[in-house]
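Using the sequences provided together with the hints, build the complete structure.
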Amino acid sequence: MTAPAAAPPFHRPGDLGEALRLLAAHPEAVPVAGGTDLMVAVNYRLTRPAAMLDLTRIGELRAWSDAGDAIRIGSGVPYTRIVAELATVLPGLAAAARTVGSPQIRNRGTLGGNLATASPAGDGHPPLLATGADIEIASTRGTRTVPVAAFFTGPKRSVLQPGELITSVIVPKAAGPQQFLKVGTRNAMVIAVCSLAVALDLETRRLGTGIGSAGPTPLTAPEADLIELPWTRPGLFNDALAEEFGRRVAAAARPIDDVRGTAAYRRHALAVCAARALRRVWTAAHGTESTR
Amino acid sequence: MPEPANPTGPAPAMTPTPPTRAAGGVGTPPLGTGGVGSSPARPDAEAKVNGAFDYASDLSFPGMLWGHTLRSPHPRARIRSIDTTAAQAIPGVEAVLTAADVPGKLHYGLIEDDQPVLSLGEVNYQGEPVAIVAAGSLDVARRAAELIEVDYELLEPRCDPEDALEAGSFFRYQPVRLGDPDAQVPAAVVAREYVVGMQDQAPLGPESGAAVPTADGGVELYVATQWVHSDLEQIAPCLGLEPDRIHIAIAGIGGAFGAREDLSVQVHMAMLALATGRPVKMMYDRAESFVGHVHRHPARMRYEHAADADGKLLYVKARIVLDGGAYASTTEAVVGNAASLAVGPYEVEHVSVDAWGARTNNPPCGAMRGFGGVQTCFAYESQMDALAEALGLSPVEFRRRNAVAQGSKLITGQIVDAYDPERADDGRPFSPLADMLGRFKEIPVPAVPAGRDIVDLPGGTGNTTHGEGVRRGVGYGVGLKNVCYSEGFDDYSTASVRVERVDGQTVAFVHTAAAEVGQGHWSLQAQIARTELGVDRVELLPNDTKAGSAGSSSASRQSYMTGGAVKAACEAVRELLRDRDLADGPVEATRVFRHRETKPMDPVTGQGESHVQLALCVHRATVDVDIELGLVKVVDLTCVQDVGKIMNPAALEGQIHGGTAQGLGLAVMEEMITEQGRVRNASFTDYLIPTILDMPPMRLRIVENADPEAPYGLRGAGEPPTLSSTPAIVAAIRDATGLALTQIPVRPEHLTAHLGRQP
Ligand SMILES: Cc1cc2nc3c(=O)[nH]c(=O)nc-3n(C[C@H](O)[C@H](O)[C@H](O)COP(=O)(O)OP(=O)(O)OC[C@H]3O[C@@H](n4cnc5c(N)ncnc54)[C@H](O)[C@@H]3O)c2cc1C
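If you read the protein sequences in the order shown, they are chains A and B.
Adding 228 to a residue's 1-based position in the first sequence gives its number in the working numbering.
In terms of the working numbering, the second sequence has 612 at position 619, counting the first letter as 1, and numbering is strictly consecutive.
Hints may be right or wrong, so weigh each one.
Covered stretches of chain A (chain B as the covering partner; in silico rule of three or more C-beta atoms under 8 Å from a C-beta of chain B) [what the hints assert, rightly or not]:
(1) 270 to 280
(2) 320 to 330
(3) 430 to 438
(4) 444 to 451
Just the calculated beta-carbon pair ranges, DEER-fashion [stated by the list, open to error]:
(5) B/147 / A/284: 43 to 51 Å
(6) B/233 / A/492: 52 to 60 Å
(7) A/268 / B/148: 31 to 39 Å
(8) A/287 / B/148: 55 to 63 Å
(9) B/182 / A/492: 32 to 40 Å
(10) B/301 / A/492: 38 to 46 Å
(11) B/30 / A/273: 24 to 32 Å
(12) B/146 / A/245: 34 to 42 Å
By construction, these hints were calculated from the structure, which means they are not laboratory data.
Ideal placement from N, C-alpha and C gives every residue a C-beta, glycine not left out.
The following block contains the structure:
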């Protein structure tokens, strides 16, 4: 490829403070982390950044830390590290990270980029919704925290304002089994036709759900989360319950027909995935195969 | 580039990837090895693995401009006006050209000259080139193209091929008539309609090349193409130049599969180079590539198969409608193949086939691996399974009973020959197909392993099943493909071989115009030279129009045709060396190789010995299907293929693996989706091709029934696996699900729609 007549400025801040100041001074600068969404858009000429702000040298964005009952993941931690380092504490997110693209994409792609792109199909989103994660956002004006369920405002739109960077994602540690299921027409490296995350919290006895690729934004399924589970007599869990959960998840979805699949298929697949996910987490939590 | 000691012509200022690029030239396998039947390291292997290989997209010339094409966003429109003023005004823009600037003939085409170089006031498909720009950078060229103002009057596109047929808009109609199907009294009949989606060749290297003006007013082209001489024949008249003023050399090809048979960048970049007096490079991006080349014809086929009580085919009726899209390309020949191979390798005496290639406003379709054999193979193999089931026979047994044998006739009257006439099966004529089908007994279907990882299950890393809903299925598919061009076409090939002493070593220089498209043809030429001449060192000269025509690297024909030409030239050199001494100077010979003559198909009955050679491949697929989610994992593909003679084991396996994978793609995922003539998924995000997790390891059994007509007895091997893997996989999915499945690619919703679970 040839370079454009004059290469746009490429800012390379070394720490977060510098990054935020640069962004405030150059509001036209587009942040770039792994570049796996942005550069595709550039190649397809959907966007033509006037300047770029490279986030990969900012150490604090590329680290995660233990914050007691949650893990604070720097927005620039690539998927490969989420899979390798966080699978035990955040099994749902790690399972989702494992499904992103190919090894090369997972080596570069980040949760921050996934969130900022705010695609309804982003695989990072359902597990964050299922566990009630918080997004930490910073600018020279200060820092704010947004619950992930309030982060997405439409297809490829979020609450992120000009001058703001996602600094970290605060994900509660798993307090029970979690599952992530992604349906695609290829066995790897595929954009989700639909996806589903389920997290069972054994301490609060709550269920959390996140739906991907079946609505204008990633969705929660509050009605499904409220399904009554036989906590006191786990052996009473049965297929009817799993299927009812599936129906409620499907009902929460707002899918459309597109080249990747039909709305009807998406609803059907979500129902199947949800029933399977609930069976799996329940069985994992209570040790035995449920009655089928 | 290590220059050959004495090249046949002056090296151009900037040569494209020459075959001898890899260090050590074609490689120097251990002395006395590397001949026919072995797998010497490919000359391009190392560079392709370490990234050093020069693809056409890597071409670069001093002072080079970039060309870009403005294409119609509409499938059908009249152009009222084109205003290039704003585009011309951008700094860095050196030329903006439209149809008015075409120096010569306004149309080109592989068979019929119906494709406008640049649109002549009407566009007939989305993506039709309207104007071209040259500028100092690709970015500027693209921006300039965006500023060209085209005033379109939108017209209603014709997108349904049936409507086109009704309106008499088609490229070819070819019937085949044999016996009297309507007079037969069958024991079992199955009639079904099949649908095949539009597949794309999806070569990883996009269309690319460069044109360099020469001092004499001519032009040199470096381009990734499958057949330089056909390019030359089409380019020269459009440029208004004598062919001898144009030199074309093949630049590094990143896959072809038929997509590089039609012209793409050739005339456009040459026009821009001639207009600006500077080298011009063109390179499509992925989205443009998807509309910048032809695709595999989508098809609708209605088949009726009938059998008698003994399980013998009684008659076949077929109505085959291929959608050729807006321009002719190779549709005419594709229809010929679809019609002549409509029943496959089975004996049947009563046949009625009607095959059409419709003209619509959909994307133009033309050559793709399998070339008209793929669509019908899916239909007739599905029918064979359905009829076997109706008769209570196993799919293998029913096929065995009807398999062609030595001396059988295809539905065109063509005699199945070139098998060992002495050989017999239980006193009956030898049937290579029956023999191949029998070999699966020795290779059991794989057992379901205990403790599978999710990547071994349908849905893969998606973690959709841990075994829930998974059913296994097994299916067979047989394909019959013609090798070389058919219906009277003389697709000869030419090779020059020169032997001389260089630094005390005997070196053979081989010069042909044959395209190395990844199939390993460079290796093959060197192997033949080693075997025929007993030399160790072979140097391949650049593949260009200085050599005679080698024909196309398509139709599974290059081993046969250019292999045959190299062999003939080597034999001639050997003959000359009987009474010449290399110490006195080089010895050189050029030979043209031709296959046996073929005949056109009769326009009314379809009868005629239209094909040169026939090649067979059989697949058995084992799949696991998640029947609740409709997701498929192909867990095993076992293949028995008759290749006549194994010329290069490694390259052959590569061809079978690759062809099989492309067939797998068509079976379960690959489809260009169009909506009223507009392509909806022109990207690798949504046009999915199989990954390593989709394509299982293969087990191969190679059969060598030599063809006495062909060099070394070989049979073309590149296409047959593409035919048979698709129906085998779909048959396996049927076996797992119990569904009829008459449409490919099989999509998850096809497998789950019946569940009626949608709330
Ligand atoms: C081949 C391929 C396969 C893919 N497969 C998948 C898949 O399976 N699932 C999936 O979900 N995605 C997939 N993607 C998309 C992409 O990889 C992911 O969305 C990834 O998470 C993007 O992260 P990134 O760091 O590369 O983002 P970038 O491309 O660097 O940035 C994306 C956007 O986010 C902004 N941004 C980045 N970081 C920040 C920040 N810290 N604060 C504010 N804004 C920021 C950028 O300005 C840009 O607008 C795929 C992409 C490719 C090319």
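Hints, one by one, checked against the model:
Evaluation of the coverage hint for the segment 270 to 280 of chain A: fulfilled, as 3 residues show C-beta separations to chain B shorter than 8 Å, against a requirement of three. Interface restraint, the segment 320 to 330 of chain A with chain B: holds (4 residues with C-beta to C-beta distance below 8 Å; minimum three). A stretch counts as covered by a chain when three or more of its residues have a beta carbon under 8 Å from one of that chain; for the segment 430 to 438 of chain A and chain B the count is 0, and the coverage is violated. Figure legend: the segment 444 to 451 of chain A, annotated as covered by chain B; annotation inconsistent (0 residues with Cβ-Cβ distances under 8 Å, at least 3 required).
Between residue 147 of chain B and residue 284 of chain A the Cβ separation comes to about 47 Å, which falls inside the hinted range of 43 to 51 Å. Checking the proposed 52 to 60 Å range against residue 233 of chain B and residue 492 of chain A shows it holds: the Cβ atoms sit about 57 Å from each other. For residue 268 of chain A and residue 148 of chain B, the Cβ-Cβ distance of about 34 Å falls inside the hinted range of 31 to 39 Å, so the restraint holds. For the pair residue 287 of chain A and residue 148 of chain B, the beta carbons lie near 60 Å from each other, so the given range of 55 to 63 Å is met.
With their beta carbons about 34 Å apart, residue 182 of chain B and residue 492 of chain A fall inside the hinted range of 32 to 40 Å. For residue 301 of chain B and residue 492 of chain A, the hinted distance range of 38 to 46 Å is satisfied, since their beta carbons lie about 43 Å from each other. Look at residue 30 of chain B against residue 273 of chain A: about 50 Å separates their beta carbons, and that is not inside 24 to 32 Å. One distance hint, 34 to 42 Å for the beta-carbon pair residue 146 of chain B and residue 245 of chain A, is violated here, with the actual separation near 58 Å.
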